[in-house]
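A.B. asks: Sequence:
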Amino acid sequence: MSAANLQLRDSVAWNQVNGGGAWALNCAWKDANIGTANISGDQCGSKCASTSGCTHFAWNNVNGGICYLKAGVVSASSAVADNANQAMCGYLKQTAAVAAPAPAPVAATSIKFKDESNGIYWARKCDWNGAVLSTTTGKGSQCGKTCAKTSGCTHFSWTEANGGTCWMKAGAVSKSDAIASSNKGALCGGITAAKPTTSAKPTTAAKPTTAAAPAKPTTSVTPTTTKAPEQPAAPGKTVTSAYGAPPAYATKFPIIECDKTNTCYKRNTFLIPAWGGISSNIQESGEMSFGLGRFYLVDAAATTYKQFYLNNRQISFTTDLSGIKCGQNSALYFSAMPVNLGSTYCDGQNTCMEMDILEGNIASSQVTTHECTNLGQVNGNNCNHNGCAASGSTKFATQVGPNSAVINTLKPFKVTTKFITSDNTDQGTLTNIVQVFEQEGRKFETGNINKNNCVNDYGNVAQMGRGQQAGMTLILSYWEAGNGGMDWLDGGSSNPKCKSAGNQPAKYSNIRVEPIA
1 MSAANLQLRD SVAWNQVNGG GAWALNCAWK DANIGTANIS GDQCGSKCAS TSGCTHFAWN
61 NVNGGICYLK AGVVSASSAV ADNANQAMCG YLKQTAAVAA PAPAPVAATS IKFKDESNGI
121 YWARKCDWNG AVLSTTTGKG SQCGKTCAKT SGCTHFSWTE ANGGTCWMKA GAVSKSDAIA
181 SSNKGALCGG ITAAKPTTSA KPTTAAKPTT AAAPAKPTTS VTPTTTKAPE QPAAPGKTVT
241 SAYGAPPAYA TKFPIIECDK TNTCYKRNTF LIPAWGGISS NIQESGEMSF GLGRFYLVDA
301 AATTYKQFYL NNRQISFTTD LSGIKCGQNS ALYFSAMPVN LGSTYCDGQN TCMEMDILEG
361 NIASSQVTTH ECTNLGQVNG NNCNHNGCAA SGSTKFATQV GPNSAVINTL KPFKVTTKFI
421 TSDNTDQGTL TNIVQVFEQE GRKFETGNIN KNNCVNDYGN VAQMGRGQQA GMTLILSYWE
481 AGNGGMDWLD GGSSNPKCKS AGNQPAKYSN IRVEPIA
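Numbering (the UniProt record's numbering) for the sequence shown: 1 to 517.
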């Protein structure tokens, strides 16, 4: 989205935070950054709170997730709308003891741009407002040239973040739109109307359809096709669904579904990345590995996200967490996000139900429900952010971990999660969620998640079941959080199971949905 599409908001749906401060979706701030961090959105506010001088922050999903740290006194009315890249913004509690704002910026009129003969102009210690089109790493001297070769890029910024990051932006700007930055190493610039004739194909991957100006979420997540999966005509007959035309950036990735006659059939689904530039190795055999990022499962017709109805079913898969170190999180989960391709992402941290089948690393894992008070998209603080996982984790299990006697997380293992209903039918009330780990003939059961150990505010596991009856999208993700941001999962350095594991890809295979065994 161009800077011209950032508009002042008369009202923002702010979510108040205990102790002061607030956050909201689809918004940003117009002032310059004092720093950035590649972290998930739910960690951005904490990062600001632990950063000297930071008083407010913004986040979007570009390049795996970027938190923009900012300084100075702001009010909620200063926020601007930003509907691209799953943007969010927030501010800390504003008191007399607020950290001193960043040094006063130099007036924009004092920014001295240098005009190059190739049609690029640039200056030091400056920045632009507006959403990011894409990013790439490299030297500041190359940022303008990269923008000139990237479709849609009209202006750019560069900072020393992550060894040097070029932030490419789109939309009409003039030199007078630049804002001064207190970051001494920062650069900004633009491309004149006549781009250099040497413009080549983009050097960075174009943004996938799921990240480009997503449509606003609707109030309903009812899939366009809600009927149960096609069943074999007779027991023993295998049905293989035909592939539709693949959407942009999608890769064939089949899963297995079985009916109540225990006849299994292949679903020729696709995986599609949430944004460009995610390293991955996806096989038609149903095996995949990928780096930091997120993928969605798309139906065989390539028209909507594949919908799952998990009540009275079990889902199993094989995973390898041997390369996922403490502080990282390899996850397979379901979200009640709108089903149309390109829809805005949502989860239990903001506006829709989320069922975490596995969040794990070499030291521990967790299965968690995130219920919301209503189905579909909800506003405000109406979802169970912390989730229900009291007895459903391996955090304190000596039987699971590196070189453990039952499940050795240095090797692949199978995870099966069962969604048990009150009457063992698809229409029954969800009452229990049971998870079993299996490896080389050995088993470890994590225990039940049920209403006795869930908070009452959001409807408990039964409410999660109502969300699953409406259909949910399968998501695979891999993310990390520094400065103790993943201690809730693995306990950090205090956990003796946090042995060294390299930055290896997340790995999944043999995804299978079937009646409960």
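Don't take each hint at face value.
Said to hold, decoys possible - In the PhoX-like style, the derived pairs of lysine-lysine whose C-alpha atoms are separated by at most 25 Å in a straight line are: (1) Lys443 - Lys252; (2) Lys252 - Lys145; (3) Lys145 - Lys114; (4) Lys418 - Lys443.
Hints listed in this document are in silico derivations from the structure and should not be mistaken for laboratory results. Computed from a prediction, not measured in an experiment: that's the story for all the values here.
A.B. asks: Between Lys443 and Lys252, does the CA-CA distance stay at or below 25 Å?
C.D. replies: 32 Å, violated
A.B. asks: Would the pair Lys145 and Lys114 pass a check requiring their Cα atoms to be no farther apart than 25 Å?
C.D. replies: 14 Å, holds
A.B. asks: Given the hinted pair Lys418 and Lys443, is their alpha-carbon gap at most 25 Å?
C.D. replies: Given that 25 Å is the threshold and the Cα spacing comes to 15 Å, the pair holds.
A.B. asks: For the pair supplied as a hint, Lys252 and Lys145, confirm whether the alpha-carbon distance does not exceed 25 Å.
C.D. replies: It is violated: about 35 Å lies between the C-alpha atoms, which goes past 25 Å.
Hint compliance for this structure: hints 1, 2 are broken, all remaining hints hold.
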